[in-house]
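Starting from two chains that each stand alone, build the complex the way the hints lay out.
Residue numbers (this note's numbering), protein chains in the order written: chain A, 170 to 489; chain B, 1047 to 1690.
Honestly, the hints are just simulated from the structure, not real lab data. Careful, some of the hints might be misleading.
The list that follows gives simulated cross-link-like pairs (lysine-lysine, DSS-like), each with its CA atoms no further than 27 Å apart [claimed, not checked]: (1) K201(A) <-> K1125(B); (2) K238(A) <-> K1190(B); (3) K319(A) <-> K410(A); (4) K450(A) <-> K1125(B); (5) K230(A) <-> K1190(B).
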Amino acid sequence: MLKLKFLIPTVLLLLGIALYLRGQGLDENIVKVDMSVREEIRVPEPEPAITYAYLPQYSHKVSYQRHNKLIEYLSQETGLSIRQVFPNTFEEHRRMVEKGDIDISFSNPMTYIRIANGGAAAFARIIEPSGSPTFRGQIIARRDNRFIHKTKDCIGKSWIAVDPLSAGGYLFVLGLFLDNGITAADFKEIAFAAGPGGKQEKAVLAVYAGKYDFASIREGTLDIVKDKVNISKIKVIAETKPYPSWVYAARKDLDPNIKELIANAMFKLSMNDPEQAEILKQAGIRGIIPAQDDDYNSIRTLAEELGLNNYQKKERRVKE
Amino acid sequence: MIFLSRLRFRTKINLGLTLIVVFTALIIALFVTSMASEALVDQTRKRGKVLAGNLALRAEDPLLSTDLLQLESMVNEVKEADDEIIYAFILDDKERVLASTFREGFPVQLREANSSGKQINAIMIDTGSQKIYDFAAPIFISEKNLGTVRIGLSRAGIQSVVQNLIFAISALTGAVLLVAVLASTHFARRMTFRLGTLQKHAVDIVRTHLGPEISNESTHENNHNSSRKNLKGDEIQELTETFDAMAMNLESHIEDLEITETNLTRQKELLKTIINVSPDYISLIGPAYTYLAVNKPLAKHIGKTEEEIIGLKDEDLFSTHEALVRTEEIRKVLNTGKIINKETREQDDNYSTVRWFHTIRVPVYSESSKIIGVLSTSREITELKSYQAQLIQSQKMESVGKLAGGVAHEINTPLGIILGYAQLLQDDISPDDQISKDLKIIEKQARVCRKIVSDLLGFSRQTESEKTEMCFNNSILEVVQLVSHTFKLEHIEISTKLDDRFPIIHGDPEKLKQVWLNLLSNAMEAIDDQGSIQITTILDISTMTITALFADTGHGVEPQKIGSIFDPFYSTKPVGKGTGLGLSVSFGIIKDHGGSIEAISPLPKSILAGMNAPDDTGPGTLFKVVLPLDAISAVEQVMNTGSV
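So here's chain B without its partners, still in its complex pose (with noise of 0.2 Å):
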């Protein structure tokens, strides 16, 4: 078997062929020589049969004569017009020799060796040098035997036949062999051939494509020869190993393909996951308008699955205007490459809050330098604007503080000689007296001057205060108690829910009670017949921070005046009630001490809920006050309550 897979290809081929060709001749032969010997056997049955038969028949007359001399000559005329007669004799009923052919005395043996019945017996005559096929005819006439006919035939003739057969059958095999050994080798040669070209392409393809050389020269030209004794096989096996070689060439590649393929789709997923994580709406839209990539809060936002938006076109997202608007922009940035970078309000309806999107649209470059797409990234900005508008407002507070500040420094000082002077004069006339009266009056509202002044000095902060350590409880607790009285012939009621882990801050207790002072007279202004106030302070250590809250069930503040309430001079009280500089006193001090005052009106339902508020009280209004707590206090606080 090595030595059978040693073989060139074209050698087997030959081999093979040369193996089908002898075989299906050996074959053909056996089976056609006996065919062929088997009915020229019949064939000379019949043939001797029937002469025999017919010279029955012709003897008849000559027998009945007995006429020797015809028989003999018709005996000598079967065998000489049939090469393949050997004999031919007639016997009469007793078996004896009436004609023959044989000149040189009658073989005694022959005469007994076939007997006929009715019928034409054949058998076959052994004579040691040849065999002969022999016939007993009788002779009938009126069912009475007159004698006996008897035909021998050689088989020499046959077998003379079946060798010529034989020898025709293999000359025609041994022609057939030689075209088919030509034919094969020409086609061996070919298919050897391309074979060769086939496994020189592929070496060639693991050389050039996939890596290194295989270690078989093989398919190099000037080892052709040499490389060939190496090889253990035919052609088919040196292309078998060239595609071993190229397969696991390829095997390395593909897992190479599969390492890179693991880290696309790591990055691919990372990507993803940063794009979805993003807060912002992130979408990449093509060419047609349509939607090829979505992030998850986008898809959110849109109420449905980023599967079911890829594909979609605007219109089939939002409403018909937004929708314009949106494909307008991107067609913009498609014909034009220029980038859209702009701030929308959103606001679904006028009871719905307002919402701030900064929209950024940047056009996709493909390699070729062609806008492939448009990316949209959309970041709500609300918060922003909201911290934008408060600096503007602090910005503006601080403009009136100061030049608010500016005019009643220059004012206080005429004030003050105003003032002394109406006192000087009181002194120099009678108390009774009309003109002293006058100067009362005089004295009165230059004293209010000089408190609209120092209330002035207070808001722009050109007041000096004094900060110590102070209980921020205390300070509550004081004008409290100071105004409760007060509060409840208001029929007012003031309820304390005070922390107490009674958080010390660094502050100036003057001014801080100037700010509850403040805040509580504009609730008790705010609620019209009774009602009910709640100051509540929440300690926050994680912020370092205080919260106060002064609820009140009064009135409120209509939304959207609610923002200005802080303005100096901004009062909803009839002229000559108030100066409007209260809260923005109150701004002032907290901003002083480093926190933050905000009103929220209407009041949160959760606090509305813990105060005993009659049933026909309005919205109310909560003012929340947040300062930072003591440095050291702070620290104090902790070791004493043990938390954090």
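In isolation and in its complexed conformation, chain A is listed as follows (with noise of 0.2 Å):
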């Protein structure tokens, strides 16, 4: 019966450990909501802004990323309020341009003489990294594929691109091919990379995993994606001719002004200023130089080889 002297303080304490714990475990940072107080949810109206477009050749992610800076300049510089907008496809951009939703339009120069169709304007150009104010396509494949060394090596092969609409990334290695001799039906398939954005990444991970024996890329891309692939092991087969890089266009009945303002803010980005040259080298230029329609001309040439104007006239038709 001593033993009960020892055993219940034992219990006791026990019990009283297994407490403490079990509290440790309630103990929470508590807040009071009454949710009986309610309100209807109202969609907010967007601030009235210039609205900035980016063609969405990347996910809204890298496209904000990319431009966030230059329009948060292009704000402070001149002293207008600025939004990026969003849009989904290429064709979602052009609509958006025609009917007003998209001052500024950031296209490439396939999207762009589709765009100008409508009465939008060209009024300046970017310096592509390379420092050249043209780009390229470019033919890839892997280095270890032994039957593809030349452009003709193509034919009868399956070919990843990036977008029907894409210059670089499509049209223009088209193109190359058409001044080749060998059209779209020469091919085993010509398959365009899926989904929203990130296609120039997507057709070059199509080749080097093997899934397509070779890829049309924009001149560029490979430096891009040189931190998700070993682009030792992709070798580049052929290259186009330069065609003008992407432009700034503003919307038909854009007030000239505002314009005026925002391709003078644009001129004046130099990557002499290391602001600038940060604010550049996120948006993937090296500079923005003033352009016109016409430079344009040898875009709206190659579509002309392409067909694409016949596209383009049918897809007016359907719209009337």
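Right under this line is the structure:
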């Protein structure tokens, strides 16, 4: 019975420890909220601003990341309220420009010649990271692919392209094939990278993974993907001739003063200024120079060759 | 406590086990539920963070493109994907709700309840009816906060899991408890049954072997139940009481045993003392011829301690010959069972004294009448032998005396007639005549014969003696005075050391004088050229005797002849020089007086030293005459001297 003397305190101690440990678990930062007080949600109306759109070559996030600082700079420089909008597709972008939802469009030359048909006018073009205001398309294949060494070797092979409307990523290369007497029918397969963004990367990855024999990409893409892919295992089979680089266009009926303000602010950007260099680098460009509609006639010629004008005309008819 | 001790052993075990199981279950439940809920909360936090983070990532593009429909569908998808998600909503950078799962209006307070920094923040929201873990995940692009994703996870799920856990533990505890109680009941039943058996056995032992049955009748079959009511404890208590009783009985038995042991020890000591006190040599030899026990005298005789002797054999203790004899005797007793009874003479060497022993060897039987040893007792009978020899001597002397006495008596009468007629014839014849001379020779020789006959009669005590009270010293002094002159001529000194208490004896003075004269003449003849004779008288009141010692410095008597010197006609002198009857006659006279006479040669040194003996004297002889004191004179002696 002497044991009870020790047993009871032991039991109580253990119970105390258990309760203490249990209490530790319940210790929470509690905020009281009365769920009964409710309000209707109103869809927030966007504030009136100059809209700026980047052709959805990449995901919205990448688009935002690349152009966010540039837009901030332009707002600050012009004193205008500028807001970046994100169309989901090339087509949506074009339509939004036509409808006036996009005031300033930054697009590839192919898209430009289409929106130019809707009244948009080019006012600036970029200098590519390579230093040239032009860019080219490239045909790439795995370095260990023994069957593809030159353009003609691509006949009968599977082709992954960026997008049917991609300039460097498809149309320039398609033009190059046509110049070599190769038509779309000569390939085993022509596939386009899926999804809304990151299409250039996807095309490189598809070849790298061996899913397709060769790919058509925009010049400079290999630099972007060098962190994801061992580019030493990729070889460039051929390059197209240079075409004028991406273009800034103002929608039809945009106040010329605003266009002027923005253009001037753009032209002021210089790689010599560290802050501005940072903005340009993030946007993936080296500088912005003035441009006009005629600069893109070579593209119009290519479109002609590829029969895209018919497609555009057809499209217009459907719309009407 | 008393109540507890009164419970049955089985109940105690069940109670103890139940307490242990319940207590263990309680502890486990507390710890496990605490740890489980902690882990679940932690898991929920992680899940909430992951969900919120994922939603924030997925919401980036729709947020940028202000695709409210997609945002709406995204939050709804998240909510539908998980039952525990109470709500999900997305705020823009200005804290405006872009999409939410609330259909019936948005709770105003909820929007500001939680806010994210650069990390996902988790808080607990108490709505009053339930508790919700709220997670706020920021949507960051290029270090710019575009908005916040908020997700609310119900805590009810965790609680239900914990409750299920508690229920499971409780159910398991119940099951274990049931099994434990069943097992313990079975176990306790077996144990109490065995305890009961043990107790019954213990009681039986107490009753059968250790004395009277214990007063408690708990083990008695008929009284089992009724007696149980009187008991204060359980089976162990009963067993304890039984063992107490057994212990008490054992204690009393042990006391008895101790008393018995003490008695035995005392008896053993007594027996040992008796054996040791006995002058006999006692030993016990086992069947392996080894000593099992010896008494002190034997040990002393052998020259070892008792402990040293035990375990040894005869060959280890005695000379080869003696050991052989002893071993053979023991073998005989062991094999045949016959008792050996013998007398042995022992003499270490030619010059040492002879010792006689009377030895008895008896077999010792075990309970199964098997001989297990030999008990030997050996008694020294040297003295007895000496008395035996003396007895034979005296009987011999008596026979010779009777014979000589008879012959002398017969010869005495014709000798008287011869003497008478010889004297008568001399009266008739002239003294110068040859016939007269011859008659004188006849008369002289007849007188010699008569003297011999008279001595013979004296030796055989056939002469009448007239005993009167006389002074012992005076009778000696008279003889000394008579012969001293003659002895001086022979260069022999006579000295006397007489006891001045003048002992009075009852005796014949003339015959005693004859004895003294005999002894002195013997002494004189033993002394060749010159020497001394010392006469000492010693009165011993305690033994009522008077002793006369006649010591001379003569040539002594050879040891082997000393036993024969009192024989009649024994003489060392040449033929014609002596009759050899002197000492025999003296022996007869002393014996007639109830005393004793013995000769000791050589002379004891203590006496020789007190005599002025020349250097070249022989070993000398001591004659010791002991005579009893006259009873009346002894009393007078005491009165006169005042000593005892």
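Here's how the hints hold up against the structure:
Under the criterion of a C-alpha separation no larger than 27 Å, the hint pairing K201(A) with K1125(B) is consistent with the structure, at around 22 Å. For the proposed pair K238(A) and K1190(B), the alpha carbon gap of about 11 Å is at most 27 Å, so the pair holds. For the given pair, K319(A) sits about 15 Å from K410(A) by alpha-carbon distance, which is consistent with the 27 Å threshold. Proposed proximity of K450(A) and K1125(B) is contradicted: the alpha carbons are some 41 Å apart, above 27 Å.
Straight-line distance between C-alpha atoms of K230(A) and K1190(B) comes to about 12 Å, which keeps the hinted pair within the 27 Å bound.
Of the numbered hints stated above, the single one contradicted by the structure is hint 4.
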